[in-house]
Structure formats: C-alpha cells, structure tokens
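Undergrad: Protein chains in written order, with this note's numbering: chain C, 1 to 305; chain W, 1 to 305; chain D, 1 to 305; chain Z, 1 to 305; chain H, 1 to 305; chain L, 1 to 305.
Derived from the structure by calculation, the hints contain no laboratory data.
Yeah, the Cβ is synthetic: ideal placement off N, Cα and C, and Gly gets one too.
Check the hints yourself; a few may be wrong.
Partial list, computed: chain D residues near chain H (C-beta under 8 Å) [unchecked claim]:
| # | residue |
| --- | --- |
| 1 | R58 |
| 2 | R158 |
| 3 | H204 |
Protein chains: 6
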Amino acid sequence: MSGADRIAYFNGRYVPEREVLVPFRDRGFKYGDAVFDTTRTFGHRVFKLAEHVERLYRSLRYLRIDPGLTQDAIVEITGEVVRRNLPLLEPDEDYWVTQRVSRGLDPSAREIWPQPGATVIVECVPLPLRERAPLYRDGIRVMTPSVRRTPPEALSPRVKTHNYLNLIAGGLEVSAQDPSAWAVLLDTSGNLAEGMGSNIFLVHKGTLLTPREQAVLSGISRETVIDLAREAGLQVVEKDIDLYDAYTADEAFLTSTSLCICPIASVNGAKIGNALPGPVTRQLTEAYCRFVDFDFVGQYLKRLS
Amino acid sequence: MSGADRIAYFNGRYVPEREVLVPFRDRGFKYGDAVFDTTRTFGHRVFKLAEHVERLYRSLRYLRIDPGLTQDAIVEITGEVVRRNLPLLEPDEDYWVTQRVSRGLDPSAREIWPQPGATVIVECVPLPLRERAPLYRDGIRVMTPSVRRTPPEALSPRVKTHNYLNLIAGGLEVSAQDPSAWAVLLDTSGNLAEGMGSNIFLVHKGTLLTPREQAVLSGISRETVIDLAREAGLQVVEKDIDLYDAYTADEAFLTSTSLCICPIASVNGAKIGNALPGPVTRQLTEAYCRFVDFDFVGQYLKRLS
Amino acid sequence: MSGADRIAYFNGRYVPEREVLVPFRDRGFKYGDAVFDTTRTFGHRVFKLAEHVERLYRSLRYLRIDPGLTQDAIVEITGEVVRRNLPLLEPDEDYWVTQRVSRGLDPSAREIWPQPGATVIVECVPLPLRERAPLYRDGIRVMTPSVRRTPPEALSPRVKTHNYLNLIAGGLEVSAQDPSAWAVLLDTSGNLAEGMGSNIFLVHKGTLLTPREQAVLSGISRETVIDLAREAGLQVVEKDIDLYDAYTADEAFLTSTSLCICPIASVNGAKIGNALPGPVTRQLTEAYCRFVDFDFVGQYLKRLS
Amino acid sequence: MSGADRIAYFNGRYVPEREVLVPFRDRGFKYGDAVFDTTRTFGHRVFKLAEHVERLYRSLRYLRIDPGLTQDAIVEITGEVVRRNLPLLEPDEDYWVTQRVSRGLDPSAREIWPQPGATVIVECVPLPLRERAPLYRDGIRVMTPSVRRTPPEALSPRVKTHNYLNLIAGGLEVSAQDPSAWAVLLDTSGNLAEGMGSNIFLVHKGTLLTPREQAVLSGISRETVIDLAREAGLQVVEKDIDLYDAYTADEAFLTSTSLCICPIASVNGAKIGNALPGPVTRQLTEAYCRFVDFDFVGQYLKRLS
Amino acid sequence: MSGADRIAYFNGRYVPEREVLVPFRDRGFKYGDAVFDTTRTFGHRVFKLAEHVERLYRSLRYLRIDPGLTQDAIVEITGEVVRRNLPLLEPDEDYWVTQRVSRGLDPSAREIWPQPGATVIVECVPLPLRERAPLYRDGIRVMTPSVRRTPPEALSPRVKTHNYLNLIAGGLEVSAQDPSAWAVLLDTSGNLAEGMGSNIFLVHKGTLLTPREQAVLSGISRETVIDLAREAGLQVVEKDIDLYDAYTADEAFLTSTSLCICPIASVNGAKIGNALPGPVTRQLTEAYCRFVDFDFVGQYLKRLS
Amino acid sequence: MSGADRIAYFNGRYVPEREVLVPFRDRGFKYGDAVFDTTRTFGHRVFKLAEHVERLYRSLRYLRIDPGLTQDAIVEITGEVVRRNLPLLEPDEDYWVTQRVSRGLDPSAREIWPQPGATVIVECVPLPLRERAPLYRDGIRVMTPSVRRTPPEALSPRVKTHNYLNLIAGGLEVSAQDPSAWAVLLDTSGNLAEGMGSNIFLVHKGTLLTPREQAVLSGISRETVIDLAREAGLQVVEKDIDLYDAYTADEAFLTSTSLCICPIASVNGAKIGNALPGPVTRQLTEAYCRFVDFDFVGQYLKRLS
C-alpha cells in the first residue's frame, strides 16, 4: 500500500485522494479564498482535534464562509478520515491531519459544476520525519528575511488561510541563501513574528518570551508549550520581541504542529546558546513528550543514520 | 452550445473546462501560490495580449515561478484558446481571457500526481455584461472599507496573484452594507489604493489624478487611459491621493479589464460631480471606444431593459 | 415648563440657556480650543461627579488652560445647575450634565468683549431616551469607517476636547450607509479604538477585552464596567484588539455615559453572538443597575411602544 | 470709531460684531464642527476672494456641510462686509476677511434656537501689523515641536476647520520656550508640514522647496508664491522635505495670508542663511508686492520705531 | 595630583590616560563601531559592576564583536582601574567607571597598527557633581525635541553603543532653547523614550509609569528603582506612555548612572507636581540612598553655595 | 616605501599616519559625533573635490559642528595631502581621499588634552582594487537584510557621519550568509534605500530608477551617473522603488566612490538580467570612464589573474 491509496473526505464523500480535484474556478484556487487547520497524530492518536476545529471555525467567521457543516460534524469526519488511513501508515509514522474549506465556486461557474456551497476537504499525509530529522540533532538555522509579515490591518495573521504568498516570499529570500534554513518573518515594526506554520520562543534567564498573540497565528503547539511551561513553574511573557532579544537569548526554539518543539541553532548566522537543546528547551521537550505520551524526538532522530 | 462546451488549455492540452480540475495538493490551491493575468476581447478581438503576458512574466519573476513556457508560447496558446471558444459566443458578447500559472505540486504529492513543474491554465469566460450594465447608467457607488491594502513590504500589490483575501476582506465589509457597491481600499497611509481588479481616477479641473503605480496593480486599462488622456492633451498626475481628493473631485471613474472606464456616482455616499458621466470621463470613454474600435458602453447598456 | 426654561452656569452667573451665547471670537468657537466632560443622572442623582471633574482637570492641564476655578468650585456649580433644573424633568427622565471650559477670547477681541480668562459653562440636557431605546432591544449595529482615529502623537485621544471632526468624519462615512449605525474608529495600526463618546468591549470565553487606555478616551462608564467585571470575578484584559477579535467574539457591547452598557448586534454587518444581550453583557448590565441603584435599561425600553 | 463698531454678516443679517453670539449648543462651538477661510485686503482691496471662497466650498464638501448659500452669494456678502467696515480702518491699515460656516445646531437645541441649517458668519478684523512688524526686520524664529501634524488618514490637513488643537498643542510647546517663536509641525514621518496658518519654503541653490500639497493646507499665499517664482524662472519643487533640508538651506521663509512672505531667521536655533531676507526671498517679496500692487513689507516695517 | 594622573586600561596595559590614543582607523572612531557600559562609585565603592559588565556583553553579542576577554576578566580589570585611581579622588568625590570595546582596526590598517582584535579601554572620570548639583534643588527641565529615537528595527536602543548622534541631534534642538534643559526623545509613535543615558519615570496616584524596556536602554538605575519601588509596595507599570501622561503626572523623575534619581520640574515648560521632589520621588530617593548606603543627594547639594 | 609612510593632516599639521591618534575622550570616538566625506583619485587626479567638501559642510551644518576652517582651506589641505602621498602609489593605483571632522573633546577632557575645537583629519588610503576586482567580472550579489535603514526622523541618512552601526548591523546579517555579498538596506517602508557607501540603480526598459534623494546619502557618483545618463538621453526617475522593481529589472548596478559603477548579478539570489554588464550599464560605464578620462574598470580587472 502507498500514499496513492489514501482516502480523503471531499464534499460529502470519502474518496481516494487522486479524486480530490478542485475545479479551477473554485475560489480556493482562484483567490486562495479558503481556510484550513492542521493537527497531527502521535502514535496514531489525533492531537487536540477539537481545539483545531474550533480555530478553523474562527477563521471561517472572520471570512464569513459558511462551511455547511457543524463543528461536531467536522470533528467526526476528521476522525473517520484518520481511521480509514491509519492502516496505510508504518507503525512508527504519523499523519498531518488537515481540514480545508473554500468559499466554493463563483455563481457563473455553476453552469459547469453545480455545487452551491463551500468546498470541504479533510485529508491526511505522513509527516516528513526523515527530511526534518537533522533539525533535532543540529538545531534549526533561522533567518529573518527582509519581507515583513502582513499586518493585521490588511489581513489578520491569526486566520489560517490559503493565502501564503507573504510567507512564501519571505521563504524564497532565505532558501536562496541556505536551502535548509527556516524563515521567521518580522512584523512591520521589526518585531519577530512567525514562520510558515511555526512560532518562535526565546529563553532569557529561565523566562520564555514569545511574540504577542495578535501578530501571529497562535499555534496549538505554541499554546501547549505555554501551558506546559507554566505548569513547570516557568514564567512566560507574550510581548513584542526583536532581534536584540534573539541575539542575546540563552536558548531559542520553534514550535509547530509537526515539530512540536525543535531547538534553534542560530539566528541570521549568530549562534544561540551553548547546548542543543538548551536545558529549558530540553525540559519543555520532555514535558511535551509526556503530555502527548509519545517520544516525537525519538521518532525523528531514528530517521538519522 | 453553452459555457459547458468551453475549451481551456491545461498543462499542455486543450480540454473541455469541466476537465480542468486541480489536485487539491497543488500549491495554487493550498497557498494561492500562483499568478494570473486577464485581458478581454472587444468584438471578439483580444486586447493588448502581449502587454498582459509581459506583466504575467513580471509576476512570475517576482515569485520565482518557472512556467516552463516562453512568453511567445503563452501568447500563442492564448490565441488558440480564444479561437476555439469564439464560436460559443453570441455576436454581441465578449470574453475575459486569463492565463494562470501555479508553482505546481509539492514534491510529496507527486506520488499521486506525477507532474513535475508549474500548473498552467489558459481560459476564457463571457464578460458579465448584464450584471454590470446598470453601472454605466447609474454610476458606481464606491466605498472605502476599514481594511487596508496589503503594503508592498509584505507583498507587492503589483503582482497579480491568487492571494486575494485582503481585497476580499475589504469587499465583505462593503457588500454587507450595499451589495452592489464596489470597494476601493486605502493603503496603510490612508491613500486611495485600488479595488479588486480596478483602478481609480479622479478629475480635478481637467487634470486626472490616480494613485502612484507602486501601491497598486497598474492595470493595462489604467495605462491605456493615461495614454489616451495625454494624447488628448489632458494632464495626468500619479501621486498619493486621499479622501479629500475624492470628495472634492469634479468627476471620478474606475478602470478595469472588463469595465474599461466606468463613472463613479459616489464615494462613501458623497455624490461626485453633477453629471454621469462627467465631461472628461465621457471624452476618455469615447477615446477608449475609438482606440479599441468598439463601443463597449453600448455593449453594456443594451443589456438594460 | 420646557427645555426653554433650563438654567445654565455661564461665566459666574446662572442664566437661562437662551442667554448662553458665545462670542464668535471665543477660541472655543474659532478653534475648538476647549475641553468638556459629561456625566448623567440616574433617577435624578448625579453619577460620579468628582471623577468626571477630575478628568476635566487633566484635560485642562494637557492643554494648559486655566479655568480660573478650583475643582471643588466646579463640583459645587454642577450640583447647583442640576438642582435648579431637576424640576423641569419628568419623573422618569434624566439629564446629561456637562462642564465646558474654553481658553476664552483672543486679546484682540477684548475690545468688544472684555472677558479676560476662560469661558466656563455648566449645563444639562435631557437624555435622548426615546431615540436610543431601540438599541437595547435590537442591539447596536457597529461599523468601522475607513477614517482612522487621530493618533496620540498628534493629539491625545484621552483629552475630551471640542475638536471632534475626526470622529465626525468617521461617523459621516457610516451614517451615509446606515443612519442608525454607530461608528467605532480604528487606530492608525488598525486596532479598534473608540466611537464618539463610546468605548467598546468584547467577550471571549468569559473574558472581557477592551482597547488599551492610551489609545482611547477612557470613559468613566468603561472604568465602572471594568471594576464591576472584576468584582464579579471576570477577567478583563486591556490590549490591542482588532477586527479578528470582533468577528470571533461571543458578545460585544458599547459603554458610554448615556448608554452605560448596550449590546452590539453586529460589526460591519457580521452578527455577533447568539443572544441580545449575551449572558456576560446581561450580567454586567444587572451589576451596573445595582451599582447605580437604577434600572437604566427599563428606563430606555419603556419608551418603545 | 473703533473695532466695537465693526459689522459682520450673521445668518442673513448685517449686525454689529457684538451681536454675533453663537448658541453654546452650536456644533461649531461644541465640536469645532465648522470650516472657515480667510483672505486679507491690500490697501483696502480684497485679495483673491473667489479663490478663497472656492477653497471654503471644498472644505464644506469634505465635511458634507451645506451652507445654504451659493459661492457667488458668499462672495457678494464678503464684499459687502468689507465695504461696510472699510471706513473704520486707518488709511495704512488692512483687514483679515473671514467666512465661517458651522453645521449649525443639534436638533435637540432647536427648541430654544429655532435655526434649521448652517451657521454662517462673515467678518473682518484689522491685521496685527504692529505685533508682527519685528518679524520682517529680524526674521522668524521657527521651532519644530515634538507634536506631529494630524495625518490625512485621520483628518485632512487640507480642510480649513475649526479644529485647531493639534496646531495649538504644537504651539504651546514652542511658546513655552520662546513666546515669539513660530511653530512649524512635522508630519508623522518627520517631514516639515506647516504652522498654524502658515506654509514653509526653503531655498537651495536658487530652487524653492516646499512640502507636498497633500500634507498641508495649501495656502493661497503659498500658491501665489509658487506662481510668482515660476514666472521669475525659478524652479519650485513640492516634495517631502525635512530638517536636513532646513538646516542646510540658503534661505527660508514662511507664507501666510497676513505675512504674505516673511523671512525665517533660524530653525530650532540654527541660523539660516547670511542675509535677512536672502536674495531669493527678497526677489519674491518684491514680485509679491508688485503682484498685489502694495508694499506690505513697508506697511509692517513702518510700525517699528 | 590631578586628572592628568589618571590611569586607564588600554589593550592589555594600565597606562596614564594621556596615552590612551586610538588610531584614527579604529572602527570605533570611523564608524562608532563600539559598545560601552558605565557604572559609578558611591563613596568610592563600585555599584553593580557585574550587572553592567553583563549588559556590556549583551551589547557585544548583538554586534558580534569579540572582546577577546571573559566577563570575569573585564570585571577584574575594572576593579583594578578603580583601585589605581581612587587615590586621586577627593574624599567626597566619586567616579564614573566605563568599559569600552570597539571592533578594532580594519585589516588594511594593520600595516601601520598591527593590532589584530578588539580595542578595549577601561577608564574612570570624576562625576560632574558641581555642574549637576542645581538639578537636585530646582528639578530638571525636560524637553521633548522633534527628533525621534531611532527605532529598534534600525538599531536596538537597548545596545549601549558609540553611535549617539540620534540622541545628540535631539539634544541640540533642546540646548539651543535652554542650555541646561535635558532632552527626552519620543519614539517613532510619539511615546516617551529616553534621554542621553537617562530613563524617565512618572508618578500617577502613587503608581510608577515608565516606558517599556524594548524601546529604551534599560538602565541599571532604572532597574534599581523598579526593584526598590516594588519592595516599598508601589505598583510599577512598564508601558507606552506619552505627553498626556507627562503633563498630567503628579511627579516625574529621571534616573541615570550619575543622577540615580533626580526630580523633573517641568516637561516642555509645563510644571509637574507641587513639590520638588514630590513625596514618591522623595521616598524612592531615600530608599536608593539606603540601598547604596550613600547620600548621593547630599553629595550633589553640598556643591551648591 | 609603504603605507606606513603615508602622511595625513591632523589638527593643523601634516604628520605620518601613525601619529594620527585620537584621544579616547574625543567625541568622535565616544559617540561617533563626527562627519566625513570621501572622494577618490582617477589616475592620481582627485575627483570632484569641491563637491565633496561642499557636502561635508552640509553634514557639519546639520550637526552644528564648527570645523574651524573654511571650505577653501579644507580643499587646499586635501590637495596637499594628496600631493604628499602620490609618490607612495604604484602608477596604476589610486587613493580614497577623506576628510573627517569630529566635534572634538568634551570640556572635562581638556585638562589632559587642551584642544579647544573640532578634530580635523584629512587622509588617504589606496583603493582595494584587488579585493573588488571580481565584482566587475561576476557582478555584485546584493542582499537586503531584515534590518531597516534609520529613518530621517531619527537621523538623516543624507549626513555622512561616523555613526555606521545601522549599516553595519545590516551587513552582519548578510555576510553571515555570504561573505562577499553586499547589503542594500530597505527603508522603514520597505523601499530600497542604500548600502554602506553605495547607491543602487535599476534599469527598466531603458529607464533608470533610483531611490529618492531624501532617504539615502546621495553619492557624488550617483549624481554623476544621473548627469551622464541624462546627457545620453536616458530617462532617470528618482522615486520609491522596492523588491518588485529589483526582481523584474532588466539590469541593476551599484555606484560608490570606489566602484563608480559596478553591475549587480543578483538580488537575494534572484538573477538580474541576461548579461554582465547589461547594455545600459555598459553604456553608462563607458560614459563614466570618458567623463573621468580614466578606465577604472580596466584598473580593477587587471588585478584578476
């Protein structure tokens, strides 16, 4: 069996992925007029599904898209998609699990495709464990491109949409210099904002610093880390932080759905800290593993050889 | 015959539109990681095709997307698409003609869809002549939403991409108040920027004012109007203009591929000028008709009844 | 008896309102070079008079206007004005009560009007209970105009002055679309700021969010609600909030001297919450009524018929 | 005879100034919700009256105030006001001549003052020739306060309104240090904007520099100087200029209705140029005198003794 | 003995100050490419040396300058420099004690000066007790110049560098008006930032307000005051504060290495508070004296005569 | 003979460079409180010396530094310094020639160094011809760091000062990725500004685009190129240009004192144009060589081997 056998939910039906084909007049394709949300499995168990779907519905409300389904229905469909695809996974693999909702077709296109409402897709894909495994050994090289994160007065970064060109433009600058570096964009005031699907944390004298929630898409992993840190008695401060904070940090790490927590080795070529991971990052990584009852670091590192 | 018989170019083949279906893992769908350009026909003749394709290639260069085709090839394909679809048109109808290029599929998706490079679509669709006909009789009601146009430091407005959510968010504010009003967004300094596919012009004592080219997607229609105005001896000034200029204008109009020139009746409910169209707008409209050798206003107005 | 019999304090004397006539060379008229503050009565009792007068004196200090009277004197005068006018009220009516201080006349005008110092007026006027009664039944339709609130680096929004044109310009945009909607302006970063005399609150999962005090005129009603909420065990966060927060809110309401608390039905046409008022708004409204020992909602609603 | 005998136009009647008393509930007083425009006489002849009234009507349109009078009527009334008051002038005195239009009374106030529409005042007052005479001998000491000019996205500086507190707040900073210095505010980007009723010009190698027209109230005197300079073969550039331009200027001067042209001696204490006035300023001053056929400099300087 | 006998550390040696001569091709001279930090002695005891050196190393990390010495070595050298110079002090004098590290010489200059790494200087100089003594009697007159503090996106204000021209440019505006006034610059949003080596605090109803740490160089004295205030049960809020807060403050004071705490008499000519120092300032001054076990106010005031 | 024999002017004397040693208490070292200007020789002839010295004096005026010398004296001294050092040059070498003026010593330091006024240095150093030779063969790789150019409201970029840390911080980001790439910083709006001593030009369809003069230090080389281009009939537009303009340019080049004109190969890794140099760059290079009567490109390229 292979990825070619994966099943996805597509507008009311469970179909092989190869059949999930979107009319080119779908607004999701023409305009990126769509939202999505993504969680992952840990040892084949879906992580915080309800929280992700709740965030998906906030994105839908912001853009006034009616998905034509209740939150509960999306949760149920997602569970079903995972169940149908788990047999395709190797035992030590896991899935990204994603819901996507576009506004659907423009009325003029309904002559050809008579679909009245939103386009809904729920799908999963194996995590890129092998490609990202070196990040846990070597740390992530972070670069801040000159492109600035879109400001909230134009489009809220808190909405997880199909409009990623701002982040992609930032990433192109970075990958032209170092294909395996990760871009973290600054906001229009020069504060650290976020990467493509990732949030940044700094450690200063045992305190965690991370950008204010307004300027970034506050990941579920980010919130999980904040909760775990506070439970561990660490102070967490959400505020405007900038390159001074980054260059003088004791430790730094990224969070994302797939990475959970992964240490940062350097920012713009300036080495951060003395160990990889640093002690606070290690402490939080272990707490994260306990919380999800799964050794995601080991899962990555075993791909190294 | 109907729209259902239209033919489009899709990754090397001319196929019925119903077969132009994009894998949901195409970056054009997932991220709006795609660009496009649109011209129209006048009396079944394509307008300034080479200029539009040239602008398409500037968009491609900005985003470092390789279309896998030369500009000449795209021009030729576009001509062929139009030729194949002209028989479907009523004599007094015309087409929007559009090229779309996405970055293609993420490598991980090639297991299912083994397409290596960009996704290229060339397509056409009849202009919404009936829906827009009243605009030429009544003028356009323009509103400036509170959402600001994405600034160039985040993503250049001069690139015609599949990332339209900023403009859509502005449009949602406006259509909630007046479904037939058109949104023209301000930039982050409060200057008039642009609408979704449209440019704005003001007339002050016989001089044309229009936003600087850096802050907006400078439409081919906009450039055509500027050229025609200068040929007619009118002064045209491209600079930062704001609501003061709009409210005190003698006349105002929008330009776009489909509208060419269409008079503005009011801005945020404040009536502009005394006649619809005003004398300069009328003069430029007539010059435009002569230039394209086609009475596009008549084409619209005959739909009123 | 009627409004024509109302008495006001005017530069040292208690006179019929019709005699409160300001020389057109008063700087309050020529430049809006004046400050004011407004409280209301509840069941004919004046609300937090000392706090309002204290705020008035902060406004005076910011603009370096010397009123020529102590805070205590203004409090006393205000009490006297109310006392003299209470007999004119119907039993179930109440007053707005306002102090106004302009910098006075330019020296060159003293040839005609030999008044050396500030112009001081203390006056009252019945609340517009009938006009606003539907807001408590239907909720307020809030719109955010494209005009931005004047930034503090130009003129502090925390000073209650006679310069209202920024707020009026925002209101003109809104009322042209919907005469009974209320404008809430965004600040120059696109965050929610304030309306003309009103503050906005959002409810997210039981937490109150309201703009930071620096960017808005922090109303006494706003502060009263914050105090009542904290006494009720609700969390209140003052921070930058934007349209994402508004569109995804569970509830929203405005506060102002006259409204106290009044629920918001929609923001830019997007419906907020499921009930009017929502449960937290209702809880705070009831606490407010208890605090002022007066059913201001009932006072409004009885005007509906 | 004295100023106490001056006549003004007030809502349809010509009355002694002492009778021009505005109800305190007029929106012009409560909110500064009013516009004005001011010209002067030269040797008892009114300067560019039509241009000033035209600008007044642009201000009215911006704020959607209906004056209830045609432009021609305002011109005629102004002429009449001047005619009636000229006999009060000494032969070598001249008038400021001003039209003021407020939006009028709130409906609730009409119980007392049954005036339905706008409040219109046309008035004149002698120019402060003696007070300002030293400026032509010593030059103006200009200071740039820390307060920034209100940005156009909040309220257009091009509208001449009764909202002057931003300019007044800037002036308070300056006059606290040097009571006879003039404040010229910077805009929110740090560019030179304008003073209270005055525009600034710099001379660099024979070229005139002055702020762009969007950011300032473009005075009629400013436009007159630009016209005269161009007729004299000087280059005039309207663009963003800042303190670097000011400190390195060869000459600098202010223009305003009363001053026409007056040389600047220093900016923030840094001396500008070597002569007062410098040669270009002198050339333009002479051209201005010829244009208005009046020696306004001599009129000022004769007050020195 | 005199200042001419002072000893300084210079690139590995303790030499008379007159021998501390920097090659003009040192990047510290050519570019200000250097950092420093300064503490003082209290009764000949060095204050918080370790904290200052730690901050020095954060500055070095931000600019990627390798000083070629450990933090401990710098602490030790500093102690030695103080020891060697204490005999030169009068009993009631004290020193500023400063470390300076430049990036050193450009490679091309090493032909002449064969120094490979950083330039390191540790030096001391007597505090200007006599010049500043009046400030404790009269309070500091603070002025906010029109020049804005360099924003963090250009160069972090938290790094104590040899690039002081932004602060110097602000100071020049102020000293041209009042040579003994102190400049406190606003940031690019118009908030109070900092002076040249000084931080500002306001007192409002017993609460201390001071700018956020991101926008200013957070002095050790500033942090000492915050700690002392909190120990004394006072609330301290770090947030954006502006001229409204300053003009309406009950008290205000500056902190700096030399001043420790010194009351502000006025801001832009507007008098602050009723007593000098105000009660909270006095309380904190006394706590500061106890903390450093030294009456620094008395040390200053005894210079008055 | 070697560089060790070079002579420089230092505060009134011509001395060997090794004796140009600046007291560490010179404000030029402590604060970068100094300005400079640099020209070069072409075939041992000094280029546009008067223009450079004139610009130096504008920098001095901005910072209110009195050099204690006339412009003519500086020109003469510079000539003398060059004359004395020319014998040290190989025939095909040339000099950078630089004047530096610091504000001098703080008064307290005059006990040791009794110098009352400014510190003045005039010096020269051979151009780094060998190091930069590959740039003419391969083109310059330009990168735009995330650090933004200091805005004019903080410190004018048009003043050539000893405060270079903003540009150095940008350069550190870039050289960490590619040690031989050149940083060109963006301004705070995201427009292309300048590099450390270099200006950028783009070629679009035969038109030259370069940033507005306000935002950058307008180099003499930049002005020379503009003059030469206009003489050659090319259009030159100074305006806000951004990364869209760069990525879509036909050609691009840098200008600086040493480089004169040097082609850009890529911006952020995106290749610019098809030839190195492109035809317009080549045309302007040739015009530049003719203008200075010297083949500076050949001078560089002969160092390749």
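Undergrad: Are D/R158 and chain H close enough, Cβ to Cβ, to be under 8 Å, as the hint says?
TA: It holds, given that the least Cβ distance between D/R158 and chain H is near 5 Å, below 8 Å.
Undergrad: Hold the hint about D/R58 up to the distance rule: shortest CB distance to chain H must be less than 8 Å.
TA: Status holds, d = 4 Å.
Undergrad: Does D/H204 meet its interface restraint, that is, does its C-beta lie within less than 8 Å of any C-beta in chain H?
TA: violated, 22 Å
In terms of the numbered hints stated before, the structure departs from hint 3 and from no other.
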